[in-house]
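**Q** Per the numbering used here, numbering through the sequence shown is continuous, rising by one, with the last residue being 178.
Keep in mind the hints are simulated off the structure, nothing from the lab.
One should not assume that every hint holds.
Stated by the list, open to error - Cβ-Cβ distance ranges computed for the label pairs, FRET-style:
no.	residue 1	residue 2	range
1	Arg42	Asn144	42 to 48 Å
2	Leu73	Arg42	20 to 26 Å
3	Gln166	Gly78	22 to 28 Å
All C-beta atoms in this analysis are idealised placements derived from N, C-alpha and C, irrespective of residue type, glycine included.
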Amino acid sequence: MYHYGGLYCDLDCECLRDFRHLLANASLVFGAMQGLMIRSPRDPAYVAEGQIENSFMYSRPRHPFFWDLIVYLNATTGEMPIMSSGPYLIMSGIHAARQLGIAPSGIRVDGRDFLTVYPPAYFNPYSWMLLNSRHCRLYGRFENRTQLRQCRDSFQDSYVMQYHTQVWAKGSYLISGP
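Please work from the sequences and hints to get the whole structure.
**A** What follows is the structure, encoded as structure tokens:
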């Protein structure tokens with residue numbers, strides 16, 4: 001993300017509608033998800049908008065946010081990987097930028113806002129913490145395509161759907177075709 005920038009989405013994300021207009025004035029974008037694993041504002045990874053997953057990220061090339069994360073990772077030793085990577089790392093970076101007054105105080109990168117965190121309804125409407133849809137299933141455990149469609153349809157105003165299949169760990173994969 002630092003070198004090339006661009007858009008990253010996990011393989012179990014589905015684009016539901018065009019969202020390019022949401023990136024037009026942003027240099028760095030994340031989507032929040034409902035629920036808080038980090039509940040204390042004193043925690044270095046606390047972000048008020050909710051859990052920030054690394055399943056959807058947009059960045060301009062050479063954004064200083066990602067450089068700061070690289071520097072932090074190079075200095076990190078002895079941490080459990082889950083506490084020094086993924087969502088925790090992203091949220092720690094957002095928290096630090098806000099504590100330093102870098103975001104959202106008007107500092108710009110390439111003439112665009114330094115950091116934008118969109119609400120859960122935009123890019124991560126289904127929360128694996130709250131299980132906020134009776135139609136969706138964690139780990140891709142849809143019994144048929146009708147269940148998959150019902151899950152998708154329950155968030156029809158969203159731009160991207162994150163299914164939380166965890167294909168990298170324990171999930172199955174029934175997210176293909178109409």
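**Q** Enumerate the violated hints, using their earlier numbering and listing them in ascending order.
**A** none
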